[in-house]
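Letter by letter, the chains look like this.
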Amino acid sequence: MKKIKRVYVWEIPVRFYHWLNFLSVTTLAVTGYLIGSPLAIQNSAEASFSYWFGTLRFVHFVAAFVFFFNFLFRIYWGFAGNKYANWKSFIPLSSKAWKEMLEVLKLDIFLRKGKPLRSTGHNALAGLTYFITFLAFLFQSVTGFGMYSAMSNSFFPKLFAWIVPLMGGDFAVRQWHHAMMWVFVIFAIVHVYLVFYHDYVEGRGIISSMGGGWKFVEKKD
Amino acid sequence: MSEVPTIYEHMRMKGYSRRDFLKFCAWITAFMGVEASGLGKVVRAMETKPRLPVVWFHFQECTCCSESFIRSSHPIVADIILDKISLDYTETLQAAAGFQAEEALHQTMKKYKGQYLMLVEGSVPLGEDGVFCCIGGRTALDIVKEAAAGAKAIIAWGSCASNGCIQAARPNPTQATPVHKIITDKPIINVPGCPPIAEVMAGTIVHLLAFDRIPQLDGLGRPKAFYSRRVHDTCYRRPNYDAGLFVESFDDENARRGYCLYKMGCRGPVTYNSCGVIKWNNGVSYPIQSGHPCIGCSEESFWDNGPFYQHLASFPGFGIETTADDIGLAVGAVTVAGIAAHAITTNIKRKNLINQEIAESKKEGGE
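These protein sequence lines are chains F and A, in that order. Following the numbering used here, the residues of the first sequence are numbered contiguously, the last one being 221. Following the numbering used here, the residues of the second sequence are numbered contiguously, the last one being 367.
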């Protein structure tokens, strides 16, 4: 008979970060897409009567600041949080991690039943994937604030102005910033599906773990 | 009169009055973005400084920069700056040709070593040892290196010399290279644009002349006075942008109303230039005012960022009109299809296993 115990995996800051990140990324992707291809509004009103595109951009910029500082906070928590939130769980440093990655691939892609996954927090493959998304976060932040620096007098966006000459001008920065948005969209689709999938095949309560923080693991006898 | 006539003396010889001269100084000072109190300095410099020896090279270019410059709205620019200041060597405008022209160049370079201003119009080919552009039997690369060695400062005229322009567009068969990537030990001012605005060119030269140092430059080596703001920031159609009023096609009602050209591919939001302020042809108009989106001619690789009438560029490696959005959507669709297939397979393949686990859990729960 299997013995199940509860483990408090995701602390409040981690869960708070996760859902704030969800909100800001969703807002950024939707507003960003609309900034790239605005809706056609056929009206004969004077420009001075409306400001919807300006508002749309404003929302995008505000969400960007929320996103960025939330991201910074998560990096900090990678050092301050519990072992499941630690930065080491994102980078496969041990051969054990690489072996587990192979197990996850077998389970996810070939639908094979291997040994049950031992990781309580992220599995090794998920950790690495999140690490790559952190790099994408960094890229979006740098390119976004780099473009923003041209229209701001604040010192903060100016810290990112160097990316523009490096990439050969605002156009290239905009192009890559836009393309990277799709990486977020694809990630979100796969991420949500895999959470459901693992919840289904592992039965460890992975979906609810990001709500209440608890996961269920088998007790070692 | 001094032995080497000053610019002011040249102007007087040409028949310009003191009043004309002062008007010119005030005009050019304003364009340079120098505060009013700096006017005295400009006037003084023009009165006292001897002509600046200048050599003006033409490499892989179309001469639109020279054309723009001689069409400056102020006659003194063409008459004095170009005529009297710059005529030591410039292939298109000088009277001398062949051997004599080269002789003039070498005399200037020798006599004014370390003092002359070097203006470069056009890119320099590096491919095949630079044979794509030779003057007097020597490659552009050779000439640039030799002339730069004795130059006080270099101005790269236009997009060719400052970022490669059309010659450097993919696949760049001649390996066209902007000057700042070849010469790294001299002060270089990039004045991009295809062509740059005449007043911007004149302002840059006068700044060098009056203050004896290069103007403040931005991260891409462009004078801040002219390139610190985007065409978008000074665009008179900007309120339509903020209001979300866009032209949808060139023949629609919105185009007639003068709405923003953003959706027609306008590069104003990503282009740094003074077109919205100084404008063209004596300040008559500029592309957006004439109903055409900005094509971003002063930005690096603007030829590769096409098509001009699309907001997003075509994605490198895909079809001409394939944007990041098309690719993103396609990848998204494939992902969703893959997930659907995965979910179905999971349920078929693992059905027994999951049923088994359900049974097990029932047993454990004692139900």
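Because the hints were derived from the structure by calculation, they are not lab data. In this text the structure is predicted, and so the values were computed from the model without any measurement. Just so you know, even glycine gets a beta-carbon here, dropped at the ideal spot from N, CA and C. Please note that the accuracy of each hint is not assured.
Chain F regions said to be covered by chain A (calculated; three or more residues, Cβ under 8 Å) [claimed, not checked]: (1) 45-51; (2) 96-102; (3) 185-194.
Do the hints match the structure? See the list:
no.: 1; hint: 45-51; in the structure: holds (count 6)
no.: 2; hint: 96-102; in the structure: violated (count 0)
no.: 3; hint: 185-194; in the structure: holds (count 5)
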